[in-house]
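Going line by line, the protein sequences match chains R and V. For what it's worth, our numbering labels the leading residue of the first sequence as 489, then goes sequentially. For what it's worth, our numbering labels the leading residue of the second sequence as 489, then goes sequentially.
Rather than coming from a laboratory, the hints here were simulated on the basis of the structure. Among the hints, erroneous ones may be present.
The list treats identical chains as one, so a pair stands whether inside a single copy or across any two.
Stated by the list, open to error - Listed below are the simulated BS3-like cross-link pairs for lysine-lysine, each with C-alpha atoms no more than 30 Å apart in a straight line:
{"hint": "1", "residue 1": "K761", "residue 2": "K621"}
{"hint": "2", "residue 1": "K672", "residue 2": "K747"}
{"hint": "3", "residue 1": "K646", "residue 2": "K772"}
{"hint": "4", "residue 1": "K621", "residue 2": "K749"}
{"hint": "5", "residue 1": "K606", "residue 2": "K551"}
Single-letter residue listing:
Protein chains: 2
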Amino acid sequence: MDIDFNIKDLNITIVGLGLMGGSFAKALKPLKPKNVWAIDIDGDALGEGVKLSIIDRGYLNPKQPLQDSDIVIICLYPTLVKPFIEANKDNFKKGSIITDVTGVKIGMMNDINSVIPKDIDFVFGHPMAGREKKGLEYSSAQVFQGANYIITPNQRNKIENIETIKWIAKNVGFKKVIELSPQKHDEVIAFTSQLPHVLAVALVNSDDLGIDTGSVVGDSYRELTRIAQINSELWTELFIENKVNLIQKIEILQENIEKIKNSILEEDVESLKEEFEESSSRRKNL
Amino acid sequence: MDIDFNIKDLNITIVGLGLMGGSFAKALKPLKPKNVWAIDIDGDALGEGVKLSIIDRGYLNPKQPLQDSDIVIICLYPTLVKPFIEANKDNFKKGSIITDVTGVKIGMMNDINSVIPKDIDFVFGHPMAGREKKGLEYSSAQVFQGANYIITPNQRNKIENIETIKWIAKNVGFKKVIELSPQKHDEVIAFTSQLPHVLAVALVNSDDLGIDTGSVVGDSYRELTRIAQINSELWTELFIENKVNLIQKIEILQENIEKIKNSILEEDVESLKEEFEESSSRRKNL
Numbered sequence: 489m490d491i492d493f494n495i496k497d498l499n500i501t502i503v504g505l506g507l508m509g510g511s512f513a514k515a516l517k518p519l520k521p522k523n524v525w526a527i528d529i530d531g532d533a534l535g536e537g538v539k540l541s542i543i544d545r546g547y548l549n550p551k552q553p554l555q556d557s558d559i560v561i562i563c564l565y566p567t568l569v570k571p572f573i574e575a576n577k578d579n580f581k582k583g584s585i586i587t588d589v590t591g592v593k594i595g596m597m598n599d600i601n602s603v604i605p606k607d608i609d610f611v612f613g614h615p616m617a618g619r620e621k622k623g624l625e626y627s628s629a630q631v632f633q634g635a636n637y638i639i640t641p642n643q644r645n646k647i648e649n650i651e652t653i654k655w656i657a658k659n660v661g662f663k664k665v666i667e668l669s670p671q672k673h674d675e676v677i678a679f680t681s682q683l684p685h686v687l688a689v690a691l692v693n694s695d696d697l698g699i700d701t702g703s704v705v706g707d708s709y710r711e712l713t714r715i716a717q718i719n720s721e722l723w724t725e726l727f728i729e730n731k732v733n734l735i736q737k738i739e740i741l742q743e744n745i746e747k748i749k750n751s752i753l754e755e756d757v758e759s760l761k762e763e764f765e766e767s768s769s770r771r772k773n774l
Numbered sequence: 489m490d491i492d493f494n495i496k497d498l499n500i501t502i503v504g505l506g507l508m509g510g511s512f513a514k515a516l517k518p519l520k521p522k523n524v525w526a527i528d529i530d531g532d533a534l535g536e537g538v539k540l541s542i543i544d545r546g547y548l549n550p551k552q553p554l555q556d557s558d559i560v561i562i563c564l565y566p567t568l569v570k571p572f573i574e575a576n577k578d579n580f581k582k583g584s585i586i587t588d589v590t591g592v593k594i595g596m597m598n599d600i601n602s603v604i605p606k607d608i609d610f611v612f613g614h615p616m617a618g619r620e621k622k623g624l625e626y627s628s629a630q631v632f633q634g635a636n637y638i639i640t641p642n643q644r645n646k647i648e649n650i651e652t653i654k655w656i657a658k659n660v661g662f663k664k665v666i667e668l669s670p671q672k673h674d675e676v677i678a679f680t681s682q683l684p685h686v687l688a689v690a691l692v693n694s695d696d697l698g699i700d701t702g703s704v705v706g707d708s709y710r711e712l713t714r715i716a717q718i719n720s721e722l723w724t725e726l727f728i729e730n731k732v733n734l735i736q737k738i739e740i741l742q743e744n745i746e747k748i749k750n751s752i753l754e755e756d757v758e759s760l761k762e763e764f765e766e767s768s769s770r771r772k773n774l
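Please model the complete structure; the sequences and the hints are all you need to start from.
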């Protein structure tokens, strides 16, 4: 990918130094940007970031770092992004690029594009990486290794700025960076990310065995339920924001579970084998 | 655990040298039993076992190895176990111990206990370990490391023979070996093993995105769907054999999915957070 910038000339500010922000800071460090700053309301997190040498300086007040930043990576909870942009819309440097990590896009893009100044380019992104834990202490550059990154461009974006965000995504460790419309993104994410979380939570909450389940599980139960340990604040926001898509995907799944249930009830061996062969072939090609 | 035998004095025969049988052979080898033999209808698998030095000899005809074996580990598909026992009931050595690896117990135990000679002790077992692939080539002693093993004793079993099977389970790498009634085992397995497989298959078969799903998934989708690549023959047998328990567990899950769906529909933030906090706490304690 051709790029017309040198990362060593850029000041980058991370807004929100939690799991995602901390992981960005850790993964950006080896690329040696001019400065990596962080903004947070939690002074302890900022102090820890400086102590770990993953940021050059931390700020409780966003004004100064935003004024000098070429790139701003917003790693806040979805509902906090718009208020942050509104409160700081006059603080961003002219020509700077802002990006985010939010898991739902349509509403976010409408909200943001209605308030953002013309000379600031917000390139919306979704790094498909995370952990079931929250906070700087669980952050790691490893979180991004080999993962997928979705960019949802819109007509306001300059092509070179999209390329800049793609370059950063690739260089902090993401393997595939693809572009989707916000509509397709939200549909895709309802299926590949939100639906698995619904399932994992529902499965764990269906445990009525009355014994120490840990003694009687295999790898499959452990793997399927890892994400049932979930950041309840974040995922409640994401589910409700993407309600229409998610409900639709849940209903398709419900039909498929019902179909398998009926095949078992009717001891319909052929139909069960068809389901298994279909899923095996799809999973193999994933 | 006190044992009154030395593994070095024992001849052990594995019936069915596939994924499970091969893994037993590989895990038993370092324990140095007197002999490890295998019986299979596939001469190539037996040849491969000898070539890999994981068995001392392979047999197409079960008679001779069974007559000299102190322990027989049956690693056949569920529906093949009873026919094998019936066909060979006069071939087993007096006082020998037979065990199995079958994932559903009630029907199997009734079937087997009605045909097995009095002086042979069948200790039913279920190593909760496996892989989504089948065959000797995917077998590995690693499959058992740290996994759980369930034994379902019955009144025919001698305590010392149960202890022998437990000793073997521990020494081939299993971490926890617990005893359950066959009824409880089948209920437990419907929830911890079969239900996750139903879910994974239903999830993968719900993919209607129409794009390369592999580019837009995170760890959660990959983990939840690994077991959707499934041995269709084996799992069809297991599901139908354990139909009553499995249907019951599917229905509990369906209620929980419906509950979460309704909370999303109604944007019931409090109820969603309750579900997430419940699942987080349960998963943490697993």
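>> When the structure is checked against the list of hints, which entries are broken? Sort them ascending.
In response: 3
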